[in-house]
Amino acid sequence: MTEAALTSESAAATVEAPTRSAFALRALDVVIRSIVPVILALIAGGLLLLALSRNPLTFYGQVWKSGVENGAWQDSAILMAPLLLIAAGLTVAFRANIWNLGYSGQFLLAAALVSGWGPSLVQRLPLAVAFVLLFVIAGLAGAIWTIIPALLKAWYGTNEIITTLMTSFIAIDLANILIKGPFQDPTVTIPQTRVLPFSDMLPSIPGTRIHCGLLIAFAAVFVVYYALSRTSWGLRLRIMGANPRAARHFGVDLKRLIVTVFLASGFLIGLSAAADILGLWGYARANWNPDYGDTVIPFVFLARLNPLGVVPFIAFFSVLSTGGDLATAEVNLPTDFMLVLVALILLFMTIIEWLGRSRPLGTSYLTPGLKQALRAPLAARRSG
Amino acid sequence: MVGITKRYPGVLANDGVTFTVKRGEVRCLLGENGAGKSTLIGILSGFVRPDAGSIRVDGASVQIDSPRAALDLGIGTVYQHSALIPALTVLENLMLGDSRALRLGVAAARARLAELAGSLGVDVDPEMRVADLALGAQQQVEIIKALWRGSRVLVLDEPTSMLTPQGVAELGAVLERLKQQGQGVVFITHKLHEALTLGDGITILRQGRIAGTIDSARMRSTDHEELRDEIVHLMFGAQADVYAEAPELQDELAEGHEPTPHRHGGHNEVLLELRNVTAEGERTELGVAEVSFDLREGEILGVAGVDGNGQRALAEVIAGQRPAARGEVLLFGAPVERLSVAARQKLGLRYVTDDRLHEGIVGSFPVGINLFLKRIGQPPFWRRGRIQRAVVDARATELVREFEIRTPSVATRAGTLSGGNVQKLLLARELSFSPRVVVFNKPTYGLDVKTATSVREQIRRLASIGGSSLVISTDLDELVELCDRIAVLSRGRIVGVIANGHGAAEEVGRLMVGAEAA
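In order, the protein sequence lines correspond to chains A and B.
Our numbering puts the first residue of the first sequence at 1, with every later residue one more than the last.
Our numbering puts the first residue of the second sequence at 1001, with every later residue one more than the last.
Fair warning: there could be bad hints in the mix.
To be verified - Derived DSBU-like pairs (lysine-lysine); straight-line CA-CA distance at most 30 Å:
1) K1346/B to K1374/B
2) K1022/B to K1179/B
3) K1374/B to K1450/B
4) K255/A to K1022/B
5) K1450/B to K255/A
Unchecked claim - Have a look at the derived ranges for each label pair, beta carbon to beta carbon:
6) L25/A to R1384/B: 47 to 53 Å
7) I147/A to R1068/B: 31 to 37 Å
8) V1391/B to I147/A: 52 to 58 Å
9) T187/A to R1384/B: 50 to 56 Å
10) A1069/B to I147/A: 56 to 62 Å
11) A1131/B to T363/A: 37 to 43 Å
If you're looking for bench data, these hints aren't it; they were derived computationally from the structure.
None of these values were measured; they are calculated from a predicted model.
The beta carbon of each residue, even a glycine, is placed where N, CA and C say it ideally should be.
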């Protein structure tokens, strides 16, 4: 905002906002942009429940009870592990102005490989080695699946929204072929992989039921935070995200950077599949898709692409989701009502983004480059 | 205009500004960049609404709340940057203003064009596409467009910035005709000699306020030399002496100085050489074709030309930001076409971009980081990939002091700095760490005289220690003042290289025009 005001030639003096009010502004920014949409969504959800003649207080009370109380928070925490890893993977890409929307394919392909090879690997190798190997396999699967969009983007500037989505569909089908074919458990008739014995799953954090995949997720979030804020790679990435032209001017090797960002993003998304399969499910079924990426995206933007800022939002959603399963049953609604709440958050974010075009409502959810990337295919279609 | 006040967040752009234009008078609004000229034009032409004050036309107080209202009141504006549609013909451009009627009156429009062109003493072909017109002719069309609906007051915003010296003389003749017809003209400029030669009266703006007025009687009775001193004093107050030598403030067009090829006694080897370099333009802008020149040690080579004739392509192909389709770029005698931007930087090549805000800095990053964005990953600022914040901040603080960047701290976001301070930031980044060859693209464009003077001083200092500069500028006065030789860029080609000296400005102007006509 200040930048726009200052580019006008008529500025007779420099604006030097005192740091104190700048801090207050930033706090207000967080409230308006990040917290208000969530609160409005919860209120609108309550009104919707009233319209369906359910008591919203009972519903939200039940969410709290079965999402947090009596150890239920541990179930919520288990759900956080894959969500945090995907959020970290998306944050890396989005901060660099790259729309990696192929998360479903990257996740499911990695999940198929882990659940397909997992049962035999844990038997043949020491458990710790097998786990490390499986995590690496999952990460590499996710990373490799981004290579085609990455190369196309780096060398020909091909719009990655289209290429990642298309490669994602291929990966989803490939995962299903693997599960129905080579990885099929011969002892059952339904198409699914062999189930990992409970003793061969990721160990729990002592004193809880939470598997240590959550620790890996937190570590990954912190690594992303550190890489983005302290390393030269992170700085180059942020320059490219803020202003690709400036990045070229500063001598950033854009091709190499685009490829490494894609690989890092895919790797983290692949890791989330390993954490989820080895920690929670133990097997994968054909046509299974938990849609973690779709649920995570609104929260990545609510956190304004801050890798640490996304943690409370993921925690909030995990509680909402875990508690919501029982709460919806309690008030006799389908569990899809939880998706309605997420959709309402997105709706209110969109409204605030739209209002923010003409009113000072803080900085946008999207970086300028991301907006452009999003508009580009539409613009191309219009002119073509 | 009486007591016009306009505030922007944190800035008082106009503070109680009052001035009048009489029938048949050319009133110059003189002030350096940031003095509030643009805001005043915005208010006159209906794009900006004043917070206080009133505007009177023929004694009656009026509200100008839209550009349409301004036109209805007879205030026509010619903006600094062309508002014509290049793909349409002259006649079609002129008829755009009549679009309220359903049917276009082509015959009537043709007659009106002939009438206006005749009264201004200019010759315009109504069927020419605007894109095919020379810039001087485009400006004449703009003036005709502003007069199209019977304007009484004509506002010209920096009308000479795109013109050659010959073009300025033509504009002077048109202004003379306009005066005879009883038009009031508001002529906005930051160049003193233009105000003195073209204006009947001068109003001087300084930091949003009227610093002084010189009426037509005094303009006639006092000689230019004396007026100049007075105006410089009004523009800068106590600091006037410091800037008195700046080319913007001379009372006549600068004379070229004799080149000083051996000023540092070196053997003047060629540091940068281009051989038949061709590079594509981006989107609508021109590229460069078959460009060849050399740049010697300690030399300042100017590149003159009207904006948009391939300047950016030339700068970027040297910096490595744009590939050369053909030809060779030699740095210290070795070809560098295949080297990346970063590799060329390491060899001592620097590029001060003209797009300071959108390419030169990352506005959301602190000043301190912006100073080292071309050294990412290099020690001592980065060690094993990790930023050394203490080193960065300490060195940044030194640079901020050395280059006099006005910023609250090195942690301030660079996007909040004023244009002049952003340019100082770029210079601090490019001129530190022993530069050998520096490409300056429009180094003083849009800067106040104080900063522009210090930028030119930096370029001279670099030359005095043996560094070479390629100064790409649209400001001919600046090039004549600064350079040893001046190359003329027109339609993406170098049409001539002239040794600076007596009559160089005219020669450059002739080359610019000659190439345009060809």
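*Taking each numbered hint in turn, which are not upheld by the structure, reported in ascending numerical order?*
4, 5, 6, 7, 8
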